[in-house]
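Given these sequences and hints, build the entire structure.
In terms of the numbering used here, the sequence shown opens at residue 1 and continues consecutively.
One thing to keep in mind: the hints can contain errors.
Unchecked claim - Simulated restraints, written as ranges between beta carbons of each label pair:
#: 1; residue 1: GLN66; residue 2: SER14; range: 15 to 23 Å
#: 2; residue 1: ILE68; residue 2: ARG8; range: 30 to 38 Å
#: 3; residue 1: ILE68; residue 2: ASP41; range: 17 to 25 Å
Unchecked claim - Derived lysine-lysine pairs resembling DSS-like cross-links, with alpha carbons at most 25 Å apart:
#: 4; residue 1: LYS64; residue 2: LYS20
#: 5; residue 1: LYS64; residue 2: LYS12
#: 6; residue 1: LYS64; residue 2: LYS28
#: 7; residue 1: LYS28; residue 2: LYS12
Rather than coming from a laboratory, the hints here were simulated on the basis of the structure. A virtual CB, placed ideally from N, CA and C, is assigned to each residue, including glycine.
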Amino acid sequence: MSEGSNDRRVNKNSRIVRLKVSDGSVIKGRIFLDADERVIDMLNDERDFIPFEDEASAIFCVNKNQIIGIFDDLDQTTGSKVRQPQRSEQASVPPTTPPSSRFR
1 MSEGSNDRRV NKNSRIVRLK VSDGSVIKGR IFLDADERVI DMLNDERDFI
51 PFEDEASAIF CVNKNQIIGI FDDLDQTTGS KVRQPQRSEQ ASVPPTTPPS
101 SRFR
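Pasting the structure below:
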């Protein structure tokens, strides 16, 4: 190996996601996974923070305890946008009566 090479370099795959965090904001960018790692594996590992690259290419650490959702907009194999269900296709659930007022 040449003198300038870095033996500690770890190759990662990036995955385009949207993170919803505890303050309600949604951040679009990339998370980084090992070759055989799944998103759920990354969320369940021992690390408290994960590296995240936003759309402006800023890299920062996200506290996993602040993540309330991860959404994947793209089919990672084809790069095409995943079709979202139309409003007419979404399930409609009628509101329920609060338990305290049900038996008066």
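Do the hints match the structure? See the list:
| no. | hint | verdict |
| --- | --- | --- |
| 1 | GLN66 x SER14: 15 to 23 Å | 21 Å, holds |
| 2 | ILE68 x ARG8: 30 to 38 Å | 33 Å, holds |
| 3 | ILE68 x ASP41: 17 to 25 Å | 19 Å, holds |
| 4 | LYS64 x LYS20 | 11 Å, holds |
| 5 | LYS64 x LYS12 | 19 Å, holds |
| 6 | LYS64 x LYS28 | 15 Å, holds |
| 7 | LYS28 x LYS12 | 19 Å, holds |
Of the numbered hints listed earlier, not one is contradicted by the structure.
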